[in-house]
Amino acid sequence: MTLADTQQQGPAELPPRHGRYAGSPAWQRRRAAVARFWRGYRSHRAGLVGLAALVVIALAAVAAPLLVGDDVRSVTAATGAPLAAPSLDYPLGTDQFGRSLLGLLVWGARVSLTVGLLAAALSVAIGTLVGVVAGHFGGALSTVVMRITDWFLVMPTLVLAIVLATVMSRSLWTVVLAIGVTSWPTTARLVRAQTTAVESRPYIERARALGGGHRHVMARHVLPNVLPLVLAQTTLGISTAILTEATLAFLGLGDPTVVSWGGMLQDAREAGAVSSGDWWYLAPPGIAVALVALSFTLCGRAVESVLNPRLGAGR
Numbered sequence: 030m031t032l033a034d035t036q037q038q039g040p041a042e043l044p045p046r047h048g049r050y051a052g053s054p055a056w057q058r059r060r061a062a063v064a065r066f067w068r069g070y071r072s073h074r075a076g077l078v079g080l081a082a083l084v085v086i087a088l089a090a091v092a093a094p095l096l097v098g099d100d101v102r103s104v105t106a107a108t109g110a111p112l113a114a115p116s117l118d119y120p121l122g123t124d125q126f127g128r129s130l131l132g133l134l135v136w137g138a139r140v141s142l143t144v145g146l147l148a149a150a151l152s153v154a155i156g157t158l159v160g161v162v163a164g165h166f167g168g169a170l171s172t173v174v175m176r177i178t179d180w181f182l183v184m185p186t187l188v189l190a191i192v193l194a195t196v197m198s199r200s201l202w203t204v205v206l207a208i209g210v211t212s213w214p215t216t217a218r219l220v221r222a223q224t225t226a227v228e229s230r231p232y233i234e235r236a237r238a239l240g241g242g243h244r245h246v247m248a249r250h251v252l253p254n255v256l257p258l259v260l261a262q263t264t265l266g267i268s269t270a271i272l273t274e275a276t277l278a279f280l281g282l283g284d285p286t287v288v289s290w291g292g293m294l295q296d297a298r299e300a301g302a303v304s305s306g307d308w309w310y311l312a313p314p315g316i317a318v319a320l321v322a323l324s325f326t327l328c329g330r331a332v333e334s335v336l337n338p339r340l341g342a343g344r
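In terms of our numbering, the sequence shown opens at residue 30 and continues consecutively.
Warning: the hint list may mix true and false statements.
Claimed, not checked - Here are the in silico distance ranges between beta carbons for each label pair:
#1 D118 to A64: 33 to 39 angstroms
#2 A150 to L95: 40 to 46 angstroms
#3 A222 to W67: 24 to 30 angstroms
#4 D179 to Q57: 24 to 30 angstroms
#5 I177 to E299: 35 to 41 angstroms
#6 L88 to D179: 38 to 44 angstroms
#7 V196 to A169: 45 to 51 angstroms
#8 I177 to A92: 27 to 33 angstroms
None of these hints come from the bench; they were simulated from the model.
Small disclaimer: the values here were computed from a predicted structure and weren't measured.
Each residue gets a CB set at the ideal place from its N, CA and C atoms; glycine is no exception.
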């Protein structure tokens, strides 16, 4: 082949990097793992029911501006009678300002789901970091870290969250931070136990013998093995975070400028819905909180059973 022929052909195409394209063995293994996980998840009817309920609620929350409009949150734009019972015009009745409770319930799903997801993600991130570090290094560092974790574990989470929400400015980010920094100890202890088990396996010793440092061992070997546990703990923690957010909002510690299910319950209490028997003001947000928490719990139990077959065998 002459130099002219080489110039006409142009530069040779480089083969794709291994593991970075859709047909690589790494991608095929990932797709196979996802397929196995979905097949196992589909065998849990309760998990499918919870997932279906969450999909419907999430779609309603995302499409809130199209379903109920933006004016439903405005007090000045309310057209209904205050504390009106359910009717054709207002299927769930109205609040003390004449706003549609159905519209407020749909808008409240946005705040409750967002706070629950972000707070659970923050809590699991802190717990995973603490657990991996304590389980990997061990020794005095692990002892000190675990004693701090035990202190947070025995302290009432709700009380700590109330204290943080009280001393900080009232906003959604304050609620997320208050829930996240007070509910991580359980995840930390679980991740530390799993990290300790992974660290005792032979391939960890081989990785260290080949020159793998702490960052390499934790990021490439330990963390991938604890991620299934982290995923299950996240789905279970979201329901707790949503309940805590509703409790803080009910106590008047949430953001008063946004509509949430806990805020609706607090408004109903201030309006005297309990003493006057206006059940339609109390029931919808309370049922919504319970339904979402139950749905996330069902999904979390199903994920936990799929990722840990020993749990599924015992049920």
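In rising order, the numbers of the hints this structure does not comply with: Numbers 1, 2, 4, 7 and 8 - these are the hints that the structure violates, sorted from lowest upward.
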